[in-house]
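Undergrad: Generate coordinates for the entire structure from the input sequences, incorporating the hints supplied.
The lines below spell out each chain.
There are 2 protein chains.
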Amino acid sequence: MAKNENVKNGIIFGRGQKNDAFAKYFTGQSYLKGLVSPEKEVNVGVGNVTFEPGCRNNWHIHHNGYQILLVTGGEGLYQEEGKRAQLLKPEDVVVTHDGVKHWHGATPDSWFSHVAITAGTPEWLEPVSDDQFQKAFQQGKEDK
Amino acid sequence: MAKNENVKNGIIFGRGQKNDAFAKYFTGQSYLKGLVSPEKEVNVGVGNVTFEPGCRNNWHIHHNGYQILLVTGGEGLYQEEGKRAQLLKPEDVVVTHDGVKHWHGATPDSWFSHVAITAGTPEWLEPVSDDQFQKAFQQGKEDK
Chain G
2 MAKNENVKNG
12 IIFGRGQKND
22 AFAKYFTGQS
32 YLKGLVSPEK
42 EVNVGVGNVT
52 FEPGCRNNWH
62 IHHNGYQILL
72 VTGGEGLYQE
82 EGKRAQLLKP
92 EDVVVTHDGV
102 KHWHGATPDS
112 WFSHVAITAG
122 TPEWLEPVSD
132 DQFQKAFQQG
142 KEDK
Chain L
2 MAKNENVKNG
12 IIFGRGQKND
22 AFAKYFTGQS
32 YLKGLVSPEK
42 EVNVGVGNVT
52 FEPGCRNNWH
62 IHHNGYQILL
72 VTGGEGLYQE
82 EGKRAQLLKP
92 EDVVVTHDGV
102 KHWHGATPDS
112 WFSHVAITAG
122 TPEWLEPVSD
132 DQFQKAFQQG
142 KEDK
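Chains G and L supply the protein sequences, listed in that same order. The first sequence begins at 2 in this note's numbering and counts up by one. The second sequence begins at 2 in this note's numbering and counts up by one.
Since the hints were derived computationally from the structure, they do not count as laboratory data. As the structure is a prediction and not an experimental result, all values here were calculated from the model. Any given hint could be a false lead.
Since the list gives no way to pick out one identical chain from another, each pair is judged satisfied if it fits inside one copy or across any two copies.
List of simulated lysine-lysine pairs, BS3-like, C-alpha gap at most 30 Å [claimed, not checked]:
1. K84 - K41
2. K102 - K142
3. K9 - K34
4. K41 - K90
5. K41 - K136
6. K142 - K41
7. K145 - K84
TA: Structure follows, in structure tokens:
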């Protein structure tokens, strides 16, 4: 039984639908509940992303922008290229700066959800391999 | 006994400290937990605001920016000048555009909290009178 199964039903903002539009940039199943779409006068999009255990997005970069993650449920991982991974829990906040290659997702054994506030244009890169993912999980556990 | 007393302890992001820095722009007691400070490369600030029952901020305008409210707990009110007030519940999202005069806060009988994502410079105006506030509450209840 995975940890934090309740996250599957959505924490505050709802789980939303299967994240089919971005499925090719994810390993495993994620769900997206869109909250705000960027528009002329509002330079960010906001969405609640829910990850099944082991699900993570590919390495990616936000160009001419940034991303803020507000962790709402479960247990997850965040890693910037060349740095140790961080274990994420509810109430944690992550700011990814312009041009920084990174990924985020659930731990192998827990559901995970975060609100993402995103500006700029994403560039999607290679998947996080099982090897990288397991190493990140070890690092996250060691440092917490 | 007020409704949604649990919101007093913070929903996910913590209640934070008494919002002394902005107290002069509020009627009643609010609390602020800062999550992200705006900086050169990140044009928004993010904070969790908790309002005691009856607490609301003054009428205000975001210039050269916007504000997004993500409701996290309790029951609140949002009103733009010249429009009917809206009753807010967890999962509700509000986008205030550049230049729009508005206010937000708790209902008279409930704690309330929202995450605020704010860009630009606020201009603080007059308080929401008790009369305006009670009328807004009636409108919110009628329309829900």
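Undergrad: Work down the list of hints and note, for each, if the structure agrees.
TA: Hint-by-hint comparison with the structure:
{"no.": "1", "hint": "K84 - K41", "result": "between (35 Å within a copy, 23 Å between copies)"}
{"no.": "2", "hint": "K102 - K142", "result": "within (22 Å within a copy, 47 Å between copies)"}
{"no.": "3", "hint": "K9 - K34", "result": "both (12 Å within a copy, 27 Å between copies)"}
{"no.": "4", "hint": "K41 - K90", "result": "between (33 Å within a copy, 27 Å between copies)"}
{"no.": "5", "hint": "K41 - K136", "result": "neither (41 Å within a copy, 33 Å between copies)"}
{"no.": "6", "hint": "K142 - K41", "result": "neither (42 Å within a copy, 32 Å between copies)"}
{"no.": "7", "hint": "K145 - K84", "result": "within (15 Å within a copy, 49 Å between copies)"}
Violated hints for the displayed structure, listed by number in ascending order: 5 and 6.
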